[in-house]
Every structure is written in C-alpha cells, then in structure tokens.
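Could you build all of it, start to finish, from the sequences and the hints given here?
2 protein chains.
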Amino acid sequence: MAARTSSTRPTALRSAAQIPLRPFGPTQDAQDLRTPRIPLLDPSPVVAGGFTPKAFVGEVVPFSVVAFREGHDLIGVQLRLTAPNGEESLHRLRPRLDGTDRWGAEVALDLQGGWTFGFEAFSDDFATWAHATELKVAAGVDVPVMAALGADLLARAAAEKDRPAPQRKLLSATALELRTAEPDRILALSTDPAVAAVFRERPLTTLRSVTGPRPLLVERTAAGVGAWYEFFPRSEGARRLKDGTVKSGTFRTAARRLPGVAGMGFDVVYLVPIHPIGTSNRKGRNNTLTTEPGDPGSPYAIGSPDGGHDAIHPDLGTAADFRFFVRAARKEGLEVALDLALQASPDHPWVTEHPEWFTTLPDGTIAYAENPPKKYQDIYPLNFDNDPEGIYAEMLRIVQHWVHEGVKIFRVDNPHTKPLQFWEWLIATVNADDPDVIFLAEAFTRPAVMRALAAVGFQQSYSYFTWRNTKAELEEFLSGVAHDTSDYMRPNLFVNTHDILTEYLQFGGRAAYRIRACIAATAAPVYGVYAGYELVENVARPGSEENIDNEKYEYKVRDWEGAERTGDSLAPLLRRLNAIRREHPALRQLRNFATHWSDDDAVLVYSKHLDAVFTATGRPDTVIVVANVDPHSVRETTVHLDTSIWGVVPGEPFEVEDLLTGAVWTWTDHNYVRLDAFDEPVHILRVRERS
Amino acid sequence: MAARTSSTRPTALRSAAQIPLRPFGPTQDAQDLRTPRIPLLDPSPVVAGGFTPKAFVGEVVPFSVVAFREGHDLIGVQLRLTAPNGEESLHRLRPRLDGTDRWGAEVALDLQGGWTFGFEAFSDDFATWAHATELKVAAGVDVPVMAALGADLLARAAAEKDRPAPQRKLLSATALELRTAEPDRILALSTDPAVAAVFRERPLTTLRSVTGPRPLLVERTAAGVGAWYEFFPRSEGARRLKDGTVKSGTFRTAARRLPGVAGMGFDVVYLVPIHPIGTSNRKGRNNTLTTEPGDPGSPYAIGSPDGGHDAIHPDLGTAADFRFFVRAARKEGLEVALDLALQASPDHPWVTEHPEWFTTLPDGTIAYAENPPKKYQDIYPLNFDNDPEGIYAEMLRIVQHWVHEGVKIFRVDNPHTKPLQFWEWLIATVNADDPDVIFLAEAFTRPAVMRALAAVGFQQSYSYFTWRNTKAELEEFLSGVAHDTSDYMRPNLFVNTHDILTEYLQFGGRAAYRIRACIAATAAPVYGVYAGYELVENVARPGSEENIDNEKYEYKVRDWEGAERTGDSLAPLLRRLNAIRREHPALRQLRNFATHWSDDDAVLVYSKHLDAVFTATGRPDTVIVVANVDPHSVRETTVHLDTSIWGVVPGEPFEVEDLLTGAVWTWTDHNYVRLDAFDEPVHILRVRERS
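Chains as they are written, first to last, in the numbering used here: chain G, 1 to 691; chain C, 1 to 691.
Hints listed in this document are in silico derivations from the structure and should not be mistaken for laboratory results.
Nothing here was measured: the structure is a model prediction, and the numbers come from that model.
Careful, some of the hints might be misleading.
Note that identical chains are pooled: a pair holds if it fits in a single copy or bridges any two copies.
[Said to hold, decoys possible] Below, computed lysine to aspartate or glutamate pairings styled on EDC-like, alpha-carbon distance capped at 16 Å:
(1) 169 to 152
(2) 471 to 436
(3) 242 to 537
(4) 374 to 134
(5) 374 to 88
(6) 374 to 73
(7) 375 to 73
(8) 242 to 642
(9) 247 to 295
(10) 161 to 537
(11) 374 to 484
As structure tokens, then:
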C-alpha cells in the first residue's frame, strides 16, 4: 500500500502522491475560452451554490477532477495545494480507469485554516512515447523512428535547467544510446525503471493547463471527530427529598459526573440550556399545560427576572460554578458544549428591553410560537426582520460571552426556524475571531434545508440516522453522508436525544440499544448519546416518540454506579466502543465508509480503511463491522467482502480479531457469520497485518 | 390543464404561469453573504462548469429553483425572463410538494438568441394570513386578532400606488369590512376567490430575494428537432456499366432522389464528405489495403490535386452543381448537412502548402493517423499544436465557405480527436456571425468526453442509442437524455450509420428495423436514418459491426421504387412516422419523456405530453408508445400508466387511437396489450380528447 513520501514533505499534510514542487509556468489557456487546452472539468471537493468545501485537521480528503485529451496521447494530472501558512505542495493524481475520465489523489490536511487547491493537466510526452514504443517495437513497426523520437524527447528533458543534475545526466546518456541502439535495447530503454522513475517524479510536460485555485476550509479536528454525551446538569446530583420533591443538581454536583463520562471515553459533554427558566405558562411534567409545585420547567423556555441567554439558572449556581465545571471537564479531557436556543420565555429581559425583537399583534400582545392553530405559550419567537441589526448584534454578543467563558462548541436548537442568512453571518463572524468555535445544527426537517444549513457554515448536523434502522436504510443513509454530502455536511450520529426515542429503541429491547451504539460509534467519526441510553430507558410517552416523563420537564435521579454494579448498564459497551474509536484512526474518518454484501437482509456489513501513510503508526488500519440490525433474531449468513480495499487479493486468507470479544478468525472474501441479537449482535473486526 | 394567458403576453414565449410584470424593487440581500433573505438554491437549467444552458425555439423549458424559508410562513417564487429583444416577463412558480423544496414553471421560448433568467422569492404575506386564519377561525382561536391583521395587510396592499385601481378598491373595501366582521364573515373573506385572485396575480411581497440573472441560449428549432436522412451522393444515380464497374452518381442525379427523401417526411439530408478523395494508400472494398480499378475510395480520405475541404469531387460535379443540389433540396423543404472531417489524405493541398499543420517524424515523413501499433495510411491527422492560429483560421475559412454556399448544418466527424478548446472557439466564432449554423458531434467515446463536447457548444450529439436495445437499457438511456443532460446535450437518435450495423439489427430481422425506427422517431425530437435502412440491409462484414461491402469504399446501386413496389421497403413506415412527428408537437420535445410500467421485461412504455398552452391548436397533445423490443417474440402483458401526466384521474377511461393502424381502444391506467414482433411490434397511440 501507500508509503510515506520523502522528508521534504510539508508538515501541513500527508499524502502518498506527493511529488517535488514546480512552478505552474506558462500555460496554453486561451483567456476567453472556458476550456483549457486539456479539459479539466468537475473538480472536487465542491459544494453547489459556491459555498466553500470543508475538511477537518487530519481528514483524508479525496481530491479529483475529470481530465482527458483528444486522441491517444497520454496525460498527467497534478493537484497543487496551498496551506494556510502559504506552503505549496504538488501531488500526482491517478486515473480511476472506470470509464469516467476522473483522476484522484487522497491527501490528509493537517493544518487548520484556509487552503486553496487547483488542478494542472499536461501532455505526458514520455509516457506517450514509452507506451507507443513498447507496442511498436513488439510489432516491428517504426522502430528507428521511435528511437529517434525518444532520443529527442529525453534530450529535451535533459536540457531542463531546473531538473536535478543526476536526472539530467541519466537522460542525456539514455538519449545518446537510443540514437544507435538495436530494437531489443530500444525496447529495454523505453521500459527502463530508472528512466520511468525520473519522469514519474518529474514528468516532461507540454500543453500545461490549469483550473483553480479554489478555496477549502480546514477546521479543527473536533469539528469532524468526537464522541458526545448529553446531560441535564440539574439532574446530575439531584436528590429526591422526603416530601417527594427533588432538589436540583448544580454545576458542582454535575461536575462529579464528569469522571464517569470521561471514563466512558467521551470527548464532549453537551448541556441543555443552563439559563434561567421562565415561569409564565411554564410546562408541567410530560408537556402538560399546568405545573405542580417543584416542576422545574423546560430549559428551552429561556429567561426570567434572573436573566436571559447570558445568565445562569440560580439553581445551577453562579458564573464561578460554571467556570469550575468547565475547568473540571477540561481536566477530564472533556470539552463542554452549550445549547443555543434563540427564543425567549415571556419573562425574558428582552421582552421588556427589546419588544421590537418580537412580533406584536394588533391587540398589543406579543405573538407566541405557533404552528397554527397550535400555540406554544411558554415561548416567544424572535422576529429577525423587525430589527436585524439589533438582533444580530445581541446574538453575537451572547455567543462571544460564552466563548469568553471557555465554551467553543454550540448545539444550536432548531436553526431552521431562523433565517439561513443569519447563520451564514453569525458563524462567519464568530469564526473570523475564533476559528475553533463549532456549531452543531439541530435541524430535523427537509433535506434541502438541512443541507443548506451545513453549506452556509454549520460544522456538524444532526441527521436522519435515528430513523434509519433497516439494513437497506442504513446502507443508503451511511453511504450518502460519507460520499454525497461529506464535502460540507458532517452528521453527528446521536443514538437518542431528550426528544427522540424511536420505535426501534422502544420495542427492540437491550439488543436494539447495543446495535445502534455499535453502528453510531463506528460508521461516522462523530456520534452522540443522551444520558440514560446506557440504562436502556426505553419507555415512551404513549403515542409519542419521546421518553415518558421527559427530562425536559422534570429532574431525573439516576443511579449510574448501581446499574453498572448489577450489570444492567451499557456503560461498559460505550467505554469499549470509545476505546476502539481511539485505537483505530480509520474510525475517525467519514469518507472511507464502504458497504459490503451479505446474503441476509438484516445483516449490515461495512468497512473503514486508512492507508499506512495516513496513520500515526505508519501501519494501515482496517475495521470491518458486521451487524445484525434485527434486534429480535439470530441470523446466520455469508458476508462477501471487497478485500481489495485493504489490499488483500480476493480469495487470499487474512486474520480478523473481534474488538468486542477478542475472538480471532481466519477470513477470506466470503465468510460465515452467526449474529445472535440477544447475545452478540455485532462484530467489530480489525484486520490483522500479515507478518 | 393550463390555459393561454392574457393578450399582454410577449410574443417571444408561451407559459401558463405568466403574471403581470413588476420591477424587482429593493431587495434585502446582504451584499457580502451568499444567501439571500429567502434562500434560492440550485437554479435550473444549469450546466456544470459554467457553460451556458441551451434550448431551441419552441422548446418547453422547465425552470426551477430550491426555495424555502424558516418557520411556517408561506413564500412565493417567480421567474424573471429577459428575451433577446429586451422584453421582460414574469412567471409564477409552483412548489413541487415532493419534499425537495423545489419550485418550477414551464415556459416555451419562442425567440432565438441570448436570454437571461433569474428567480425571485418573497414572503407571501396574504397566503400566510389566509392559511392561518382558515385554521384559527375553525378552531375559534385568535379570531379578532386575525381579522385585524388581515385588515392591516389588505390596507397595505391597497396603498400600493402601482396596483390597478379596481384591485385597490376591492382590497380597501375588504379591509374595512374585516375590521368589524363576525367570525363567519372573516372566514369567508379570508377565502374569498376575488381577493385570492388579486393576490395570485399580484402578491403582497416582503423580504424580496433574488438570484441571477443567468444566461440561456435559445437556438433555432432545427438545433433540437428534425428527421435526418444520410446518403452518399455518389451512389444516388450511380449506374452499373456493362464491364461491371459503376459510374458515379452526381449532384444532378442525386438531386433526383430528393423528392423521395422529402416524400418520406425527412427534414435534413446529410451528405458524407463531397470533396476530392486521395489516391495514395486508397482503401479498397471492405477496408482492404489494395484497390481495384474503379474503387472510389473513402470520402473521408479528403484531398487530392483537385483540391481539399473547400473543393468538390469532380465526379460529383461543379460548384454550380452543388448549388443546384442545395436549391433542389430547399425546394423540397430539405436542409443540406455536410460532413466536416478535419483530416487529410496524403494528397491534400495542405500537405505541401502547410506541412507544419501535420506531425513530421525524425525521418522526414509525416505521421499517419494511428492507434499504435495500427496505422491508417490513407489519413494524415492535423496537429493543432504546431500552428494553432493557422489551423484555426483555415478551419473557420472552410466552414464559412460552405455556409456561404448555403449549408447551415455540419455533421462533425470524430470531434473527440481534436482539441475540445478548438470546438469551443470554432462554434462560438461561427455562431457569432451566423447563429443558425448547427454542429452535430459524431463522437462515440466515453461519457465525459461526449458531454463536454455538447457543453462547449455542439448543438447535437450522436449517442449510445444504437447500443441500447433492451427495455431496461432504453428506459435508462432515454430518461437520461431527456432529464439528466437535456440542458446542454441533444441526442440525434440515428438508427444506423454507414459505420454502425449493430447485432440487434443484424440478427433481429425486419422486426428489429421497425421497432428501432418507431422508438427513434418518437422518443426524441431528432433522429436519423442512413440510406439502406428502409431496405433492411442487415448483412455485416463478418466479425464487424458494419455493413458488408461498406458504402464508404464502393458505390451502392439501389432500387428504391422497386423495393417499395414489391412491399419490401420500410419507406412507408418511415413516411408514417415522420407524418406522426409533424402532427404531434409532443414528439418534437425532448424533456417531456416519461416511462411507464409494464409487467413484461421486453415491453417498453413511454409517453410524451404537451399542455394545451404549448400547442398551436390550443389543445393538449399526448402520445403513448408501447413497444415490444424483443424482435423474435409475441408478447402479451399489462401496461400501467401514470395517466395524471395528461390530466386523467387514475381509473377513469379515455380513448386512444393507434396512429399506425387506426385502431381505437378505450383505455384506463391498466391495459392489456398484445404485441407481435412479426406483425405489429409497436403501438403509437394518441390520447383522444374527451368531448
């Protein structure tokens, strides 16, 4: 497989295809024509609408372009990259040879910031000559002419002043020899590996044509990689009192949960809104319109006399307590993500200070959030068109306030209910100051809207993953996010949320929880879990797709350690999955997802592979996942693998090790599997390197 | 269905969606953001790479754009068109309501030249209010508030100074009434058809957002519509002499064939190259390397001491004879297309006058065309990189010479063996002088190359049609050309050529010829036939995909009238097919192709429909084709139609008339068919209008 290239390689990237840098030089592109001399079409990565494609530090990005020329002469294609530090590099593309005329190269971009990329095609005169000479000498046709053409060509290359001296010497000598050589020797010279190596490193190029440069934004790794854990801080350390009410947890008590979360191997702890909660029309338990004493209200009804989006709920503590929590998280290797829910309870300070930010009705009241004729009387939505400048400035202030408090990740609630234009502006403005800030779009809506939110700047997106449960659905969904939209959209595969408890989880028992966690953790580099998943909290409010006694409206007092002691917790599985993710860089990529065949319509098979050049160990990394997605059954079937992806010739045996059980098997491209949903529903296999 | 709109409609287009013109007015687009206030994404028609999309005069073009806004408020979307004469028009788009957020409108563009189009979205305040009011009044919620909001909204619309006075009066009166109305009356007013009509014609718009304008090139109708007939003029009127040799036909004798071609209903007569043919290394019959006396040579080996690409083969006659032929064709309603084969025989005047236009080898000889190690010693290819300016100028001179002689259509031989850049330049340069000139690309090569040739300017393209013979192949191919590439690529469905006799035709007998002609003539608006098709000349040179005794290397003496007298000719079928094409405007469109289901894997079903607004008669036109594509069988099956395409409710009966046999049946959306390949392999049905 691919090998690391020479030590002259810039530190900002990894690529198996890098070649010595050369200037573009004069090109033959007519200024008034769209088509360069050698057409370069449909360059990728690309985002429709002219938005900038995205990658994350360490992501292996497939660059490609359609290139061809008239007739039979051969061409070469190169990728020219400019890193944010101005460093240029050149990478040779390989033809895909699948009839599409597409050429590609993979490069891992290791420096955050704005990159540019362009493609360059050229007539590969040496390759054309060598190919024709091989055919013609074998056929005894034009032998002296081909020798003379070759001699001229090599002499021309030898005359290139900026070509290294040893190359020039070899080419001159070969040119001289070609002028007098016999056919056998001509054939040998036209296929001489030393000469071929010279031109592979530095081709003789004519008709040079260019396209680009185009921008590519590389964001920090956490934009594309991470295991998220969501909790309600008020529940962590909450205590049930003797009178049956619950005393709220605080940032101090919630901080005690952080070692547990970190111990499971999570990277990000996401908190639902931490701000004061309104009391007007506060919702009671299970979303009822009446409250009982002690009902804490939905944290999404933001704002009270205690403050708004820049304030902290008094029950949770003070600003100092929050800072303590953030520091405690950091000590555990966890990053804190906050919820950004841009809406107000009727008690929010905005309502009196900036009534113009809402919609005032003819009767003088402020319009509630609604889906006519339904109304949500605990929420006033903002009206961004009344005072855009004022609202934009306030939203920016709020985000910057929390950035200042050490928060660099925001989970944005319902971004599709605010103007798309606002998000483009807000994210660009925040990132101009601090490119480390990450926004996750919580938009469960139509595909065009979700894609547009990602295109205008959201670093991550909730996805349809929760509702893709059959093998066919998962194959289509996972291939789509890995290959169709990965230039701009990064799905965060949450297995559940405080608002989503799918029928699959409601009725699939413990097996369903295990299967979904295994897939989410391995199919994409970002996934998430909402607290309680490990306890298999799978009872829904009847007729709904959310938990009964939704934590949004009440405290949850859970016994994490107790559940783990009795063996009822899935925490050990999550811990193992996150450990596997850390050990296997192939799982920290999105675009390397590949489906494989199985004969059973419930047995999903996919692999993730990374070439050696892209791993820290310098060894290739391959993980194969085989999952029985029917949580009620035992399945026996044959899986059929395209082993060429990890460099194994079809039919050749190789060893796999199950990373969940430690079992080791010798596999080929066709393998029997038995997956018992009640016992061992998923294999997560690493391919062992041959010794 | 759609109706023609008012008489204020510009003469340059037809559309059912046209609305009175209004200026764009101020928009709320932030200058530095990509996203307007209401997002307008993925506009269509569009061509990747920034090339200009194309249509032809009379083509019904589907314009569409993805548009949505945050929240529940409703939007409207409009298309603004500017004709080549500067005339502007505005057309309302309809949401597709298929979950894609795509809005569309169809417009027939009736003026040749450069158009522009742009999209405009706005908050449809009236529709939002009317929708919410209907729901809320029914639920008894917010009734006085909704009435007040409606009164304000109608008063605002009534105050628009450029709104017609009767509209303003109605709106003022309604506003006044709303302020005091009872709930029942409010409900009635919110759904009042008169008020709705006012806003349908002229919505109350806020948050106006625009994208575009973008260019769209409308070419003359013949660029996209026509029935082509290919012949070798030297064969038409050729006579076999007593010594067994053949005396060449001339333009005068070939002109006698024109009434026959026109009588079959063809629009274009395409001639293989008419220039002097070289004698050096002339190919003999069946592509042999030796000639017999009297062998005329391949007309593609262009050039002799008699002249080159601007000269006429002496056997065919003089320049005056050629002009006579062009005039005779015109008199028959036929347009002449010439072959543009940019290559030279070794005897071409270029070889001595411009040796720099070829590749000279180290031994001083000029390089033959080759596919190493094969060589084509009767042909020298041009080397466009040696003297681009000189070659470009000469090629332009040649084209303009024939344009001056009355030829406006060129079938370009192997354009993929010349630089793509050259074609972009040549076509743009020729069309700048004369936009009526049409170039047909004869490129049988990889998809990316064929698509690129179309994108850079070729008005028509040969296609893979000849090799798409099964039902599945045809469904995929025909849907693809109608929907995926139709913004820039127009396939000319030749059923055969002098170089292509597919296995389907070789072994499918007479039925195969009938089936392919029926499909070619009805599935796309441009198709072609090479002379001899009507005689079912289906014997191939063994092992090849071309006719034995290929006409490229010899004369063909055929008896057209005799074959027709004995009933052996397919001319009557071609005549009928071309008549059907003339009678049915739906068949003169590409993009309206729709496949339907049949239960038999050899019975292909498709329809072509045109709304009444787009036909000259003002009546809708619908043609359904049901073809048994297995030429060796009788098939009985059920076809299942999506009758909603032509406005028939599923299950409702309608009458169809077979345009080939005159049979009339009452059909529904499910119909029994029996197609006997040996007798009646295809139904071409028109849907009769209900009286």
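- [ ] Can you give me the call for residue 242 and residue 537, within, between, both or neither, at a CA distance of at most 16 Å?
- [x] neither (25 Å within a copy, 99 Å between copies)
- [ ] Can you give me the call for residue 374 and residue 484, within, between, both or neither, at a CA distance of at most 16 Å?
- [x] neither (37 Å within a copy, 42 Å between copies)
Open item on the list: Regarding residue 374 and residue 88, is the shortest C-alpha distance of 16 Å or less found within a copy, between copies, in both, or in neither?
Closed with: Answer is neither; intra-copy 57 Å and inter-copy 43 Å both fail.
- [ ] Pop the pair residue 375 and residue 73 into one bin, within, between, both or neither, using alpha-carbon distances up to 16 Å.
- [x] The answer is between: 15 Å across copies meets 16 Å, while 69 Å in one copy does not.
TODO: Indicate which option fits the pair residue 471, residue 436 if close means a Cα-Cα distance not exceeding 16 Å: within, between, both or neither.
DONE: neither (36 Å within a copy, 55 Å between copies)
Open item on the list: Reference check for the pair residue 374 and residue 134, CA-CA at most 16 Å: within, between, both, or neither?
Closed with: Result: close only across copies, 13 Å inter versus 77 Å intra.
Task: Intra/inter-copy verdict for residue 161 and residue 537 if alpha-carbon distance must be at most 16 Å - done: Neither: 72 Å inside a chain and 62 Å across chains, both beyond 16 Å.
Open item on the list: Checking an output row: residue 247 and residue 295, CA cutoff 16 Å. Within, between, both or neither?
Closed with: Answer is within; shortest intra-copy Cα gap is 11 Å, inter-copy 105 Å.
Open item on the list: Cα distance capped at 16 Å. Does residue 242 pair with residue 642 within a copy, between copies, both, or neither?
Closed with: neither (62 Å within a copy, 68 Å between copies)
Task: Status of residue 152 relative to residue 169 across identical chains (alpha carbons, at most 16 Å) - done: within (15 Å within a copy, 87 Å between copies)
Task: Same-copy or cross-copy closeness of residue 374 to residue 73 [CA-CA at most 16 Å] - done: between (68 Å within a copy, 14 Å between copies)
Of the hints listed earlier, those the structure fails to meet are numbers 2, 3, 5, 8, 10 and 11, in rising order.
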